[in-house]
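Residue numbers (the working numbering), protein chains in the order written: chain A, 3 to 158; chain B, 3 to 158; chain C, 3 to 158; chain D, 3 to 158.
In short, the hints are calculated from the structure, not lab data. It is possible that some hints are incorrect.
Where chains are identical, the list cannot tell them apart; a pair therefore holds if satisfied intra-copy or between any two copies.
Calculated cross-link-like contacts (lysine to any residue; reagent style SDA-like; alpha-carbon spacing at most 20 Å) [to be verified]:
1) Lys129 <-> Leu156
2) Lys129 <-> Ala152
3) Lys129 <-> Gln22
4) Lys129 <-> Asp85
5) Lys129 <-> Gly43
6) Lys129 <-> Ser109
A quick note: this is a predicted structure, and the numbers were derived from the prediction, not measured.
Protein chains: 4
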Amino acid sequence: MGTLRSTLNVNRPAMSDTPQRHDYPHLQPILTRWQDSDLNGHIAGATVYSYFDTTIQAFLQLQGDLDPQEGEVVGFVVSSAADFFALPAFPDTLEVGLRVARLAGSSVEYQLGLFRVGETQPCAVGKVVQVFVERASGRPVPLPPGLQAALQSLQG
Amino acid sequence: MGTLRSTLNVNRPAMSDTPQRHDYPHLQPILTRWQDSDLNGHIAGATVYSYFDTTIQAFLQLQGDLDPQEGEVVGFVVSSAADFFALPAFPDTLEVGLRVARLAGSSVEYQLGLFRVGETQPCAVGKVVQVFVERASGRPVPLPPGLQAALQSLQG
Amino acid sequence: MGTLRSTLNVNRPAMSDTPQRHDYPHLQPILTRWQDSDLNGHIAGATVYSYFDTTIQAFLQLQGDLDPQEGEVVGFVVSSAADFFALPAFPDTLEVGLRVARLAGSSVEYQLGLFRVGETQPCAVGKVVQVFVERASGRPVPLPPGLQAALQSLQG
Amino acid sequence: MGTLRSTLNVNRPAMSDTPQRHDYPHLQPILTRWQDSDLNGHIAGATVYSYFDTTIQAFLQLQGDLDPQEGEVVGFVVSSAADFFALPAFPDTLEVGLRVARLAGSSVEYQLGLFRVGETQPCAVGKVVQVFVERASGRPVPLPPGLQAALQSLQG
Numbered sequence: 003m004g005t006l007r008s009t010l011n012v013n014r015p016a017m018s019d020t021p022q023r024h025d026y027p028h029l030q031p032i033l034t035r036w037q038d039s040d041l042n043g044h045i046a047g048a049t050v051y052s053y054f055d056t057t058i059q060a061f062l063q064l065q066g067d068l069d070p071q072e073g074e075v076v077g078f079v080v081s082s083a084a085d086f087f088a089l090p091a092f093p094d095t096l097e098v099g100l101r102v103a104r105l106a107g108s109s110v111e112y113q114l115g116l117f118r119v120g121e122t123q124p125c126a127v128g129k130v131v132q133v134f135v136e137r138a139s140g141r142p143v144p145l146p147p148g149l150q151a152a153l154q155s156l157q158g
Numbered sequence: 003m004g005t006l007r008s009t010l011n012v013n014r015p016a017m018s019d020t021p022q023r024h025d026y027p028h029l030q031p032i033l034t035r036w037q038d039s040d041l042n043g044h045i046a047g048a049t050v051y052s053y054f055d056t057t058i059q060a061f062l063q064l065q066g067d068l069d070p071q072e073g074e075v076v077g078f079v080v081s082s083a084a085d086f087f088a089l090p091a092f093p094d095t096l097e098v099g100l101r102v103a104r105l106a107g108s109s110v111e112y113q114l115g116l117f118r119v120g121e122t123q124p125c126a127v128g129k130v131v132q133v134f135v136e137r138a139s140g141r142p143v144p145l146p147p148g149l150q151a152a153l154q155s156l157q158g
Numbered sequence: 003m004g005t006l007r008s009t010l011n012v013n014r015p016a017m018s019d020t021p022q023r024h025d026y027p028h029l030q031p032i033l034t035r036w037q038d039s040d041l042n043g044h045i046a047g048a049t050v051y052s053y054f055d056t057t058i059q060a061f062l063q064l065q066g067d068l069d070p071q072e073g074e075v076v077g078f079v080v081s082s083a084a085d086f087f088a089l090p091a092f093p094d095t096l097e098v099g100l101r102v103a104r105l106a107g108s109s110v111e112y113q114l115g116l117f118r119v120g121e122t123q124p125c126a127v128g129k130v131v132q133v134f135v136e137r138a139s140g141r142p143v144p145l146p147p148g149l150q151a152a153l154q155s156l157q158g
Numbered sequence: 003m004g005t006l007r008s009t010l011n012v013n014r015p016a017m018s019d020t021p022q023r024h025d026y027p028h029l030q031p032i033l034t035r036w037q038d039s040d041l042n043g044h045i046a047g048a049t050v051y052s053y054f055d056t057t058i059q060a061f062l063q064l065q066g067d068l069d070p071q072e073g074e075v076v077g078f079v080v081s082s083a084a085d086f087f088a089l090p091a092f093p094d095t096l097e098v099g100l101r102v103a104r105l106a107g108s109s110v111e112y113q114l115g116l117f118r119v120g121e122t123q124p125c126a127v128g129k130v131v132q133v134f135v136e137r138a139s140g141r142p143v144p145l146p147p148g149l150q151a152a153l154q155s156l157q158g
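Chain A on its own, in the form it takes in the complex (with noise of 0.2 Å):
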């Protein structure tokens, strides 16, 4: 991993411009599936996003009181990104860093870090949108106070 982590860092921000662990005030352990792997027998990117989706959820139903199913409200995600520089394989146990970086309005902002247990450098870091919506009417509304006490303790 460490030769892919010097690859992948040509051409990219120092290290030291990238959030560390201590950066996040929330944590999700992860532990990679056989299925996580590609065939070349790393965790692929689109899996990395699903567990920032994964961390996201539980922090929100947790600890935002948000109920998927039936709530009144439902968040969906607007937009995306991340940035990959090393890769994890199976089996590994991982961890999820999650801040908020935005909270306005009905939309919040997160930032996530991939970590490996016991590393403080990032395997990933990635950025979430998401907008709250009314269930009925599908109209963004302003958060209900629980969530939006959840979220404010993950600001920085």
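Once you have looked at the hints, place chains B, C and D on chain A.
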């Protein structure tokens, strides 16, 4: 889906700026699967990235002569991003449009658009940047001529 | 794949006992995806079950008028099984054959076969038993007439 | 989940016949993911098979010294089956119990049980039959001694 599209387009660039189906020289069919839908009945963003990976990898193998298991050259995704305008559901037949925006040295930037069959406006658009490395050393290498030619054919 | 087929058929019933493509009244196309391949370059067994689910669910929605999100009746899988004879790879176009072996009360037993396009011998065969329950109470219920008729059309 | 368990147990063997947690010598933790839930909010059967694969593959690599990418011996699943009693949801922490029921020549039959943490009755039980072949020739081979010993340790 109409409501969602209009909802999600709040604060977005006009759709006229978005690439349309005829802007993509290559199209990959995608059949949605039961597992693609999340609890809300929509295709998740991570699944859209898996459609993008499928489109790129099928092109590389079938048109670019890339052997993902034994070939001397391996492509790694170093970054990706996507905007989601509307969310298809299961069952549905989709197409991913693929073009090459930049091809330089060991690296290629793809632009992709996800369409429902018969629609000209995309459900999602994205980009993926891939770096090709020598399998043995892990170091970036110039693209093999067959691969280079195939990718050039996807440039506007 | 030939070697694998002959290898895996050691100690198996003769292929003449295995249902062939024309034994299935309904066929669902499946396009393989990059993520379907495991490290060995083969479609994993769990992925074959997801093809089976996709086939059943698409049939229930499109031919059986089942609304998976709002309908009064919900189908749960209570058991499944499969034999794997040969393992397709990516990229490939497959078909799943579907028939109904038993339809009694609230329950239906499907038989399924996975085929590469143009081949008569299956890559895999399996069965899935589903019980239909009332969404509100969770109790087994007789099938709605439209669903009953659609499933009867799949009986030999 | 209680209702579903009682519902699905109609016409089933008594739960006392079902293996319980202490019947499995090896346990693999599984963290559910957002994508594991289907439209009905339950973990799909195909996903349970992917938990089983993950359990077997992690054991083979970590305890059995099997190298899935370069090793001389490769394991192929030739059949599998499962019964589903209750369906966990996201987010949840699960465990898969693993034992070996039969070990003969090139083939091994695993028995598996899926448990929610703290529960003794399984959510699902299943079996998987794997045949080990020489990677180069594709022919069944006797198990390497280290692998044989690791699998024997999982026998009752």
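Index of numbered hints that the structure contradicts, given in increasing order: Hint 5 alone not satisfied by this model.
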